[in-house]
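Asks: First to last, the protein sequences are chains A and B.
Just so we're on the same page, the working numbering is the position in the first sequence counted from 1, plus 1.
Just so we're on the same page, the working numbering is the position in the second sequence counted from 1, plus 1.
Among these hints, one or two may not hold up.
Which copy is meant is left open, so a pair is good if it fits within one copy or across any two.
[Unchecked claim] Quick list of in silico lysine to aspartate or glutamate cross-link-like pairs, DMTMM-like style, CA-CA up to 25 angstroms:
1. K196 to E48
2. K224 to E48
3. K205 to E193
4. K224 to D150
5. K196 to D150
6. K205 to E189
The set of hints was computed from the structure by calculation and includes no laboratory data.
Fair warning: this is a prediction, and the values are worked out from it, not measured in the lab.
Number of protein chains: 2
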Amino acid sequence: MRITVIGAGNVGTRLGAALHTAGHKIVQVYSRDIARANALASHIGAEAVSSLGNMDSSAEVILIAVNDDAISSVYAAICDQIKAATVVHTAGSVSTSVFAGHGQYGVVWPVQSLSAAFYTDLRNVPLAISANTPETLVQIASLARSISDHVYEISDVQREYLHLAATFANNFSNHMYAIAKELTDAHEIPFEILKPLILGTAQKVQQMDPAEAQTGPAVRGDKGTMMRHLELLRDRPDVQELYLTMTRNIMDSYGQERV
Amino acid sequence: MRITVIGAGNVGTRLGAALHTAGHKIVQVYSRDIARANALASHIGAEAVSSLGNMDSSAEVILIAVNDDAISSVYAAICDQIKAATVVHTAGSVSTSVFAGHGQYGVVWPVQSLSAAFYTDLRNVPLAISANTPETLVQIASLARSISDHVYEISDVQREYLHLAATFANNFSNHMYAIAKELTDAHEIPFEILKPLILGTAQKVQQMDPAEAQTGPAVRGDKGTMMRHLELLRDRPDVQELYLTMTRNIMDSYGQERV
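Chain A on its own, in the form it takes in the complex:
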């Protein structure tokens, strides 16, 4: 397919490079910053542009890989020039309704952190896709499968819940690591000690239901340890509140009586 990539950040760079490698023709690469557009475009044989007023109308797919809140304004600036093309954004938290009124549109959301600076083999990255018509779905699925072995068609509502679930699985678990590091730093304990445990916990749920893998004082109902933990946090009421909320939620989930 002939594809234009709007945005030369982390997602635009990785998807653009993978689509080029998969044999697609990248027509144009847009970035406000022409140096960034050039850096990607020169790699993948595309024209670099820094104005949204010069869209090449021969592109069959316009991939909008910009910040979530810039998608609608970018689309508004180009929609009259690319009426025949399929417009696709790459955001987990943005509805496809941002393209309402356009002929063919959809989403290709890579459910993984991508970095322009580090190569990631997209074949192993799940792509959650949606489209506004069955024909568009066929086209977007074909595009997605050309770069990833893990393509999932989901509805707009499912994408919202998947984004919420990803916030728990990624952002909130990372915040738990950050608090663990605060605690070890504050008591001059090397954070290194916890790294194999962090990795082991994430590896375990690759094979096992996380609810069945749960261990620790809350699921055991070990009140002595939980009370001691809360006491250790007496100078950190914010972390104490988080500990209590988390512990009560775990105890409720596993039928333990609350502390």
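Following the hints, complete the assembly by docking chain B onto the known chain A.
Replies: For chain B alone, coordinates are given in the frame of chain A:
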């Protein structure tokens, strides 16, 4: 060294096997269940016992690898028979004061989930050790270094904070995975989609400070997405409360104004 292992569960089995492989003489293996004691003892050339009344007094180290709340009663049952030996437990959440009055004592805590059923290379497992005297520390450190390349001497107070930090890093992050799976299950989304994200998040903090790796709506201060997430959780007030507590804690940590 001549070592007796009390307890043939996950930790006793893995430590007993590693100590035997490292060239130590395992004198006895105790389990209430003689079949379990035999299963381990026969592998590592030790005598299997199911009574705490027949401790071999030639052991230099007694490794008590039983449930946290059984440590003190096991110790009470054997202390008169093993006065000259160093007594060591393997629990992160139990104080060394459980052995107060004994001559030489300490802790060897493997900071990783171990399973009797699955071989884990202990050389890569961090061991957090403590001892009651400098001489005992030399002995326990030598024992620990014979099986692991990652031995850390920590105080009793540090072990308490490390156990608390491990609860965040392991149990609480696993609970985030469990909630993510509840959400995907409830909306017929394959949980598979989130597995690379979970692993990628844990891998990232092997190299990078988790506070610097944080992404998502809370750290960005993206109120629209956070309000939408809370709305999606309207039928799950428990998860909604957790989302709000977590989000506020992240926003406070990164200087964002609270939702």
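Asks: When no copy is specified for K224 and D150, does a C-alpha distance of 25 angstroms or less occur within a copy, between copies, both, or neither?
Replies: neither (46 angstroms within a copy, 34 angstroms between copies)
Asks: Within a copy, between copies, both or neither: which one fits K196 and E48 at a CA-CA cutoff of 25 angstroms?
Replies: For K196 and E48, neither the intra-copy (44 angstroms) nor the inter-copy (36 angstroms) Cα distance is at most 25 angstroms.
Asks: At most 25 angstroms between CA atoms: does that hold for K205 and E193 within a copy, between copies, both, or neither?
Replies: Both: 19 angstroms inside a chain and 13 angstroms across chains, each within 25 angstroms.
Asks: Given a CA cutoff of 25 angstroms, do K196 and D150 count as a within-copy pair, a between-copy pair, both, or neither?
Replies: Intra 30 angstroms, inter 14 angstroms, cutoff 25 angstroms: inter-copy only.
Asks: Which holds for K205 with E189 at a C-alpha limit of 25 angstroms: within a copy, between copies, both or neither?
Replies: between (29 angstroms within a copy, 22 angstroms between copies)
Asks: If the cut is 25 angstroms between Cα atoms, do K224 and E48 qualify within a copy, between copies, both or neither?
Replies: neither (64 angstroms within a copy, 36 angstroms between copies)
Comparing the model with each numbered hint stated earlier shows that hints 1, 2 and 4 do not hold.
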